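As you go down the protein sequences, you meet chains A and B in turn. Numbering of the first sequence is given in this note's numbering, commencing with residue 1 and proceeding in unit increments. Numbering of the second sequence is given in this note's numbering, commencing with residue 1 and proceeding in unit increments.
In short, the hints are calculated from the structure, not lab data. Note that the structure is predicted; figures quoted are calculated from it, not measured. C-beta atoms are modelled at their ideal positions from N, C-alpha and C, and glycine is treated no differently. Warning: the hint list may mix true and false statements.
[To be verified] Simulated pairs of lysine-lysine, DSS-like, Cα-Cα distance not exceeding 27 Å:
(1) A:769 - B:251
(2) A:641 - B:296
(3) B:196 - B:34
(4) A:87 - A:617
(5) B:95 - A:759
(6) B:47 - B:164
[Stated by the list, open to error] Here are some chain A residues pointing at chain B (derived, C-beta under 10 Å):
(7) 441
(8) 641
(9) 675
(10) 700
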Amino acid sequence: MSAMFKLVGKPAPRHDAWAKAKGDQLYSDDFTMPGMLYGKALRSKYPAAIIKSIDTSKAKALPGVHAVLTAKDVPMNVEISKFGQMKDVGGGFEGLYKVLADGKVRFKGEAIALVAAETEELAEEACRLIEVDYEVQPGVFDPEEALKPGAYIVSSDEGENESNLIMESHINKGDVEKAFAEADVIVENEYRVPPVDHAYLETEGGVAWVDDNGVITMRVGTQVLEHYRTIAKVMGLPQNKVRNMSVPMGGGFGGKEDITVETFLCLLANATKRPVKMVWSREESLEVHSKRHPEILRYKTAATKDGKITAQKVEIIMDGGGYKLLTGWVQMYSTVNAPGCYNIPNVKVDSYSALTNNTPSSANRGFGCCQANFASELQMDELAAKLGMSPLEIRLKNCLRNGDEICTGFIPQGHIALEEIAKKAWEGLEATGPKPDYVDGKKIGRGLAIGMMSYGRLTFMHDSSRVGLRIELDGSVTLRAGVPDLGGGQASVLCQIVAEELGIPMEKVHPYIMDTHLTPLCGTTTATRQLYMSGNAALVTVKVLKERIIKKAAEMLDAKPEEVQLINEKACLINNPLKSVPFVQVVGALSNDGVELFHEGQFNAPFTDVPNLHDMKGRIWPDFTYSAHAVEVAVDEETGKFEVRKVVLCYDVGKAINKNSCEGQLEGGCVYNQGYVTENMGWENGITKARSFAEYLIPTAVDAPEIETIMVESGGGLGPYGAKGVGEPADNSIAPAIVNAIYDAVGVRLKEMPVTPEKLLKAIQEKNK
Amino acid sequence: MHVNTRIMPVEFEYLEPKTKAEALEMLAKYDNVKVLAGGTDLIVKLKTGADIKVDYMMNVKEIEELNYIKLEDNLVKIGAVTPLSTIENNEIINKYLPILSEAIKAMAAIAVRNMGTIGGNLCNSSPAGDTIPPLTVYDAKLILAGKQGTKEVSVEEFITGPGKNILAQDEMLVEVVVPAPKENTGAAFIKKTRVKADISKINTAVLMERVEDKCVNCRIAMGSVAAKVVRILPAEEAVRGQKVDLNLCQKAAQIVSDEIKPIDDNRSTAEYRKEIARVIVEDAMKIAWQRSGGEKIND
């Protein structure tokens, strides 16, 4: 099959690679306009307070200040968050979203007022002159405390002001209590995972202006173009009068999924009728934009003597922070993934999420799944240790296989390669040589973790994507797609698919992307959905045009359409390639005939109803991508310092459409969540201590281990050519594999991240006492 | 107020002398001059709102006559504005002062080492500054110049506290002079960080001079355990004149651990620093001893 492909499955340089390598690519901040003002947000000094009054008179009086706005100046200050889905979901999933704080301040750094001024320094000065009278409140910073009766209530807004509970969700499968009563062994543990910053190259920012026709126009990098609809509501304008000509990003990772600067910029541009730029400082970004959900996960597992898991009971408490944002959706991922990627007959999951006065939690690569995966994969090794089984054995004994149902009773349609990839990753690591006891005085350990994560959005969202194509008269192709390109090659891969189908070189397809009103909307670059959704939309669209071209070519070649193929910029007979006509001539002939040389097609994901949250059943996502990480670490027993030496990762990617991009995602994801083990926001009572990258330390190139990437291509995915999505699953099982490897080295398993040398040394010393 | 690293909230005149004499003249002439010697610490401090009075910013990195590494009369001389990356890759340094090169290699990222200078790292006078322990154990002298003349001080005399040193307003550091270590001398540098490109949570440099199986001279410097980089004299004393073996290394390392009074901060804890001071000093002594030509010390 693969021998038939010219481009698909090959490493393909992206259309924007050179511009990025040479520094020619313009990002959010690299753009100015004549007469441009600078926007700045005044942010709350306290994580919990009541705003008694705001006096902006001194700021307004400062020469060079053109606008000072507070909540009362926002046409619709409170909105319900929407993320481009076609369906109004309701049911607690769509959270309250507020532009500027009024009533209660809900987290430190929440925006209270906006300023536009001639310079950034003046805007800053104006913020200093705004007088806010706060009544400081005690606040609540622990999600379990927040859920207790009598807790401080985070919100003063209607519908949220009686309890801090955001959502509860439950899974009940079989009879866990009976299984526990009959179990040979029971393992019980509590795990805790911390918040995580996305640490993209560039912070949130952009420019907005009012164009010649009165359209509010932005140039803001976002993962969700469809936010223009919410912004229009906030502004009290029709949706056809708010436009984002978005820009390429240096990473999103979920952090540019919620609205960032868009509403602020549009309000200021509209108020001043001047272009306005706002770019958040890194300090601002680290403190105020949403983080990965911290969670407490309590596991109780029952198994037989020979290692078959009979029941898994999980309680999850999620910290939603000051605003709900995407907590309800993230909760679906944590809840359904709680039992892990295993076939377990009896499952009970009870999850709760709470508002607190911490920085809000929302999307972060993995979206609730990697929290559950961390806990469940440590729990598997705890069980294996108790039973005297190897990490590989216990996983092979219990992992999902084709035809098995997950905890909601749904049987995944795509191929389940867990057994194969677990073996390949582990054997790949073993093939590097027998494990030494010590290297350079450091104890060596090896660990394994596997996982599953969905690609494509929650099916009850009713997701869709559209791509437009036009064949030019010189045989080149214009591709139009509202696909936010975060640097993952989201646009390039669409060109690759179109070029493959039309038998032309990739560089003959040029993408025009990311314009809310001039490119067909592709939906969000989130949920590992672009290749699956927009890749299929591109395929649907190009096939319509391909049929027209082949039909005409067949006429010209005096053959039947099924005898004709498009290859090497020609239409030729499959059985006699020498009998051919140039692609461009067929296009010319179609043009003469007045046949449409353009098409816009749509692809719809499977649709389901919103599940009953008290007893979740059935399909929640289209399909899953399966992962395995085998890791070797070296631990210094005297200092507690550990180093990841080698990683062998194995994924069933379905089909690697662009081998370079696919491998890049898998390795990037691996290092991304290598950082999950050690990164530390340093939250203390709502205050973020890690205010810069000198304090919030992510692994850099010198910390990256040797990574061997094994891509299994089963063809069993729902994307184009059987591809699966890898963007988020790429970071899924690395963190527990590292912690399990540390256990293998020194016999202690830290169940709370971050794992620091300080904590690890203490644990080693206690064990050796 | 929120820190905003997009803005440097201070205004100053920018000076760019091309010669040492011109620089010294400017220092004498103007008040509140801050010397910019790479800026990898100073600019960050100014952006994050540190209380620094600066009316004039004098960039000395363009003074070519202060950018050199040479060996003269058995002295290694390094010009104050020599970039860290130049020192790291220099043959004289690698031959005579290898742990200075090792310490610089372990600092920050390449871009920062290209900007930063040795004079800048010393005058920033951080307790965690990575060039300071090696220069301390190598017994480096710092040449401070003013319009009235020059003076020579040791690194320990120069730095007085976190970010503090004895430089007068009209003086600047112009040269670092290090005696080439004697034959049979070995040194080692070890630092512990959170990720590889990071400020030290603790660092140490150890130098040992060997005569047969005895250590006749030992210098031990510790960073990030006090208000400035410190030498641990009781530990040095315990080693001097002794036959070097595992027992001696452990004893000296324990003295270091007992002597230091580190603090808790966002990089580590006092308890952990005391604990691993012992480990890294023992390891550094073993390496230094072997490099001095002494027999390898096994556990």
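To see whether the hints hold, each was checked on the structure:
For the hint linking residue 769 of chain A to residue 251 of chain B, the alpha-carbon distance of about 22 Å falls within 27 Å, and the restraint holds. Only pairs whose Cα atoms come within 27 Å are accepted, and residue 641 of chain A paired with residue 296 of chain B is accepted, the gap being roughly 24 Å. For the hint pairing residue 196 of chain B with residue 34 of chain B, the CA-to-CA distance comes to about 30 Å; that exceeds 27 Å, so the pair is violated. Between residue 87 of chain A and residue 617 of chain A the alpha-carbon distance is near 20 Å, which keeps this suggested pair within the 27 Å criterion.
Restraint check for residue 95 of chain B and residue 759 of chain A: not satisfied, since their Cα atoms lie roughly 39 Å apart, outside the 27 Å limit. A C-alpha spacing of about 19 Å is found between residue 47 of chain B and residue 164 of chain B, which places the hinted pair at or below 27 Å, so the restraint holds. Given the 10 Å rule on beta carbons, the hint for residue 441 of chain A holds: about 8 Å separates it from the nearest Cβ of chain B. About 7 Å separates the beta-carbon of residue 641 of chain A from the nearest beta-carbon of chain B, less than 10 Å, and the hint is met.
Nearest Cβ of chain B to the Cβ of residue 675 of chain A: about 9 Å, under the 10 Å cut. The hint holds. Nearest Cβ of chain B to the Cβ of residue 700 of chain A: about 5 Å, under the 10 Å cut. The hint holds.
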